[in-house]
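Novice: Just so you know, the sequences run in chain order L and B. Position 437, counted from 1, in the first sequence is what this note's numbering calls 437; the numbers after and before it change by one each time, with no gaps. Position 130, counted from 1, in the second sequence is what this note's numbering calls 1130; the numbers after and before it change by one each time, with no gaps.
The set of hints was computed from the structure by calculation and includes no laboratory data. It is possible that part of the hints are untrue.
Unchecked claim - Taking CB as the label site, the calculated pair distances span: (1) B:Lys1505 to L:Leu189: 17 to 25 Å; (2) B:Trp1029 to L:Leu292: 52 to 60 Å; (3) L:Leu149 to B:Ala1173: 17 to 25 Å.
To be verified - DMTMM-like cross-link-like pairs, simulated, lysine to aspartate or glutamate; straight-line CA separation at most 20 Å: (4) B:Lys1505 to L:Glu122; (5) B:Lys1610 to B:Glu1375; (6) B:Lys1103 to L:Glu235; (7) B:Lys1601 to B:Asp1378; (8) L:Lys309 to L:Glu125; (9) B:Lys1505 to L:Glu125; (10) B:Lys1505 to L:Glu208.
Stated by the list, open to error - A short, non-exhaustive set of chain B residues, derived as facing chain L with CB atoms under 7 Å: (11) Trp1021; (12) Pro1137; (13) Gly1236; (14) Thr1247; (15) Leu1283; (16) Val1455; (17) Arg1457.
Note that this is a predicted model, so its numbers are computed, not measured. Cβ coordinates follow ideal geometry from the N, Cα and C atoms, glycine included.
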Amino acid sequence: MNRRTFRLPRHGDLLATYLRPLAAPVAALVVLLLASTGLQLAGPQVLRAFVDAALAGATAEYLRNVALLFVGLALVQQAAAVLATYAGERVGWSATNALREDLTVHCLRLDLTFHRTHSPGELIERIDGDVTALANFFSQFVVQIAGSLLFLFGVAALLWRVDRRAGLELTLFAAVALAAMIRVRAVSLPYWQAARRASAELFGFLEERLAGTEDIRAGGAVAHVLHRHDAHLRERVRRTVKAHVIDAVQWAVPHNLFTIQAVISLGLVVVLFRDGSITLGTALMIHSYTWLAFRPLRTITQQMEDFQKAGAGVVRIGELLRVRSALAQPAHPVPLPAGPLAVDFEGVSFVYPETDERPTTNDEMAGPDEPHSSFVLRPSSAPALQDISFHLPPGAVLGLVGRTGSGKTTISRLLFRFYDPTEGAIRLGGVDLRDARREEVRRRVGLVTQDVQLFRATVRENVTLFDDSVADARIWQALEAMGLAGWARALPHGLDTLIAAGDRGLSAGEAQLLALARVFLKNPGLVILDEASSRLDPATERLVERAVGRLLGRGGAEQRNQPSARTRTGIVIAHRLATIERADQILVLEYGRRVEYGLREVLARDPASRFGALLRTGREPFPAPSSSFRA
Amino acid sequence: MNNQELGTRNSELPRAWWFLWRLVRYGSWPWFLHLVIISTLLVLDFIPGLIGRRFFDHLPSTRPVAEAAAGAFHGLPGWLWLLVLAHALQAAAMTALVFGQMKTGVTFVQENAALLQTNMLARILDLPGARALPSSPGEAISRFRDDAEEAAGFMMGFNGLAGVACVCAVALAILLRTDAQITLLVFVPLVLVGAVVTRTQRSLQRYRRKSREATGAVTGFLGEVMGAVQAIQAGGAEACVLRRFRTLNAARQRTAMRERVFDALLGSVFWNTANLGTGAVLLLAGQSMRAGTFTVGDFVLFSYFLGLASYLTPHVGRILANYRRLGVSFERMAVLLGGAPPQSLVQHDPTYAGCEPHPPPPVEKTPADRLERLEVVDLSYRHPSGGGIEGITFSLERGTLTVITGRIGAGKTSLLRVLLGLLPSDGGRICWNGRVVDDPASFFVPPRCAYTPQVPRLFSETLRDNILLGLPEPSADLDRALYLAVLERDVAAMAHGLDTTVGPKGVRLSGGQLQRAAAARMFVRDPELLVVDDLSSSLDAETERTLWGRLFEGTSPPDPLSTPVERRNDGPGVRREGTTILAVSHRWEALRRADQIVVLKDGKIDAVGKLDELLISCEEMQRVFYTRSGCPECVPRRQDGSTA
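Using the sequences and the hints, build the whole thing.
Specialist: Quick look at the structure:
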């Protein structure tokens, strides 16, 4: 095992931080363990007294009292041990749950650069797996080690009182056995790691294949998969058998050492007894202590192993906590104005931060919310946006047009302050984003993406995002406005019906409407719609479009010249021209640059306009039925 | 666990012992050796007690001793040397046996678990692909791992039980001879306490299950939250999420503590039984010890045995409780087999026979596989939760494109799945060149047919392995497949190209890349019939256009939004070779090229025809695609239209 993991200060910091609020249970734990240890030491003393008294012809009553004392001490000792378990568990769980919560909050505050390189599974392993390995460290490590050492010292001291040689011999044996047992643990460690790896590979393989039965069958790969599964199985069987057999050393070494100790102790007892320095009762006591000394040795080696495991976890937790979000909070935040928010980009350029951990294909496309292809080649250091400027007055709608990878989604991420621009400034309602509180920015901006992220929770919790303080009336109002009220009323338990990601009971359109209801409830001043309806069939798409219209507030064709009539400013990102029909302004992007910007009506009529050309080529899917189609 | 599921299966499921017997037959040698070894081991474990008794019985006789010899180690009595020798032999024998016990026991458990797992996977892959699992893959994994190992591991526990019986018989014989009265007074409470505590195992398991559920709730929530971090940040819901997380954490702490404390309490009961037993021996033996009829040596033997018993009794309780759970384990595994008889779970499969297996040979395309005409007649499927398809009849000719279209939920994907045997059909027939296909699931596979599902899966292997899926590389035209799937530029942009590890543990591909990788998987098999589920669910219009373009014309069409750098005219389109295509789509690019369009509505065919005709004649087609005309806000205007 690596020595590096034994750096104590970090463990110490963690102990101090998370155990301080738990002073009382920790104190109780210490007292209980000490009591339990002391009572264990007392047992053989009582036995000695009993045997010596019996052989010396003590009264039956006296013997009965000693025997009852023995039973009583044992019962109290067990009670103390059970209570110690309880106190230890409480300390461990309270401390680790606090740590889990801190780590979760920390991760939720980190920007998307971090989340792009760390999968949810990996974060579960950090926040729960590593912390669970630490639980024992918090609750047991120090106390158990101290308790066991105390017991060993106690036994050695008591033997020392009987005979110096006996005390010394036991101390030496304990030291040698401890060293040997810790050394032996290291022997089987690599084999266990190999076995665990083989096991993880087998079940990882299986889980993915079980999720992809359709692909396997349709791809004619059943025999291939069974063959690979067989190879994984063999590997696992071989590694597991090997690890177990080698692990028998863990049992064999202490057992044989202990046999040596038992034999030495027998010799010592004979010598001491023969020269008359001990009684038969004392001989029995020495015999009992010899057998009792075995358990604390086991405990100590066990704890050392847990400590090593926790060590690796502590290092990783430390690394996670050191990751800082690149976005600074302003010292004196400026509040955003109420109502619809104006949006200004002034010479904004942006380069995605380098991510060193994983070779993603390129640019932002690997993000979970943009499942589009990216066959535009761009080195990762190339700017995602270059010198973008536009002015969107409050209540107006901007349509963003461009191919995949042109930087449309980047604009929405900057507006949300998931990142700060590399150059230039972004103003929301006249306030520079860097001068506003991030929480306020996110509260005032609503985002709807193509992928709706649903939680395995009730409809209510999915709409309010777990905010219990939202009244049902408001939820119904939002559902009503988005055209979902009928659907929600038909659910078996109304708002309390459980739904989940990928739920069959929820169509893609309904999920999208649910996401719109979320935003509606938030009542933002700016709404960003990122490809919100591109997955839907045209009929469902119309329902969503209608809801989007309501979300953006009044303002139809007849009011286009008075954009401020809308209650919210909107930015609509789309590949499809139909979805930006409601836009007042159009911004065409290509490779992160602005190639065209202006009023939609003007561009549509301009023969030199790219946007106009797009409209005219009628590339889009649904022209009038009578027209002849271009190839 | 689903009660109904249990109820329907119980009748045909053999008893647990039947399965166990088959497992023992599968690994009979390791099992038998393990039985012998563990019984010997446990009996040997009793020997230090006998040594202790002999020692304390001899000890008083060493007195008095000559002053001169005091303190010297030489001249120790002969009986001591004999005891030392006994100790040494016992330790040596046990050491050797422990290794043997591990080797035989673990081999038995692992190989039997492997047998169960192989049988389960083989049956699952036999089932209609889209309905292969009764629950999530993660849940199925717990059956593969925990239930299989629990079932296989039980026989080791059973051997342990036999060993405990041996040591108890030996010990009882010796103890009864020593002092029958004390033996009975110690033994009877021990058995009673053991029996009572064994019954509590059920509560312990209930606590354990609750605690696992609570843990699952915590990690499940954490996974969802971290997966939806953008939605949470965008919604400003961090504080509310934390509050929920805290509630779940507290619930988990409660259940976990209950489990651990209960476990500690049970352990403590066993210890106390031993201690009470020792106390009882002291109480009873006081008089006889004084009289010399019950020696200190006898006491040592009794207390040694009580220590041994306190550690063996919980073991016995666990094994007995495990047997009860075993039926459930076999049950859970049998459910995975779908319709196959539960007996096939323990079928002795020659695949796992010790020798290294060879990779399966690739299937060659023969002239008999050539598709001339595919007919679907009156095909039906009822989805258990409603929906499905009914009375679907159409046919397709070699070298044509048929597009299935309709609203979401019209049954488009179900139709493809039933046709391919990924869902079981409830009626109707499918004819390939006029001959009825009996088992579509095994018939519609490469090289006859290949399929790109709507949400394809990639596995955590290299992109190359994912596309080939066992196909030998020299015979496969990977470059052509990549080109047709419009994936060649993505591959070029990847750090390791085709050798990039993808899938859940590798580079995360975008939804579009995923679907195109699956398309490449389809193209590389060069099948007679291509079946494609809706590509537009994650391909943007441009890429889909390119894909259809390459498929038909072998070229990329012009694109006004990008500089014209990616025209290519070197790859031949698939269609030139007369491949037949069946696709679900509502995209213009596919519809305009279709030789026939099948419009589905509520699981039935609404109309069949060409696009031009359908847009005029078919109301559903108009509803789906053309009602925009009544909504001036969303119609894209054309040059020749009313705008401009």
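Novice: State for each hint whether it applies.
Specialist: Checked hints:
1. B:Lys1505 to L:Leu189: 17 to 25 Å: At 24 Å between Cβs, range holds.
2. B:Trp1029 to L:Leu292: 52 to 60 Å: Once the Cβ atoms are compared, 40 Å apart, the range 52 to 60 Å for Leu292 of chain L and Trp1029 of chain B is violated.
3. L:Leu149 to B:Ala1173: 17 to 25 Å: The hint (17 to 25 Å, Cβ to Cβ) is violated, given that Leu149 of chain L and Ala1173 of chain B are roughly 41 Å apart.
4. B:Lys1505 to L:Glu122: holds (10 Å)
5. B:Lys1610 to B:Glu1375: holds (18 Å)
6. B:Lys1103 to L:Glu235: holds (16 Å)
7. B:Lys1601 to B:Asp1378: Judged against 20 Å, a Cα distance of about 15 Å means the pair holds.
8. L:Lys309 to L:Glu125: Within the cut-off at roughly 14 Å; holds.
9. B:Lys1505 to L:Glu125: holds (14 Å)
10. B:Lys1505 to L:Glu208: Holds, at roughly 10 Å.
11. Trp1021: With Cβ-Cβ at 22 Å, over 7 Å, it is violated.
12. Pro1137: holds (4 Å)
13. Gly1236: Cβ of Gly1236 of chain B sits 5 Å from chain L, so the hint holds.
14. Thr1247: The hint is violated - Thr1247 of chain B has no Cβ within 7 Å of chain L, the shortest such distance being about 10 Å.
15. Leu1283: The hint holds - Leu1283 of chain B has a Cβ within 7 Å of chain L, the shortest such distance being about 4 Å.
16. Val1455: Since chain L brings no Cβ nearer than about 9 Å to Val1455 of chain B, farther than 7 Å, the hint is violated.
17. Arg1457: holds (3 Å)
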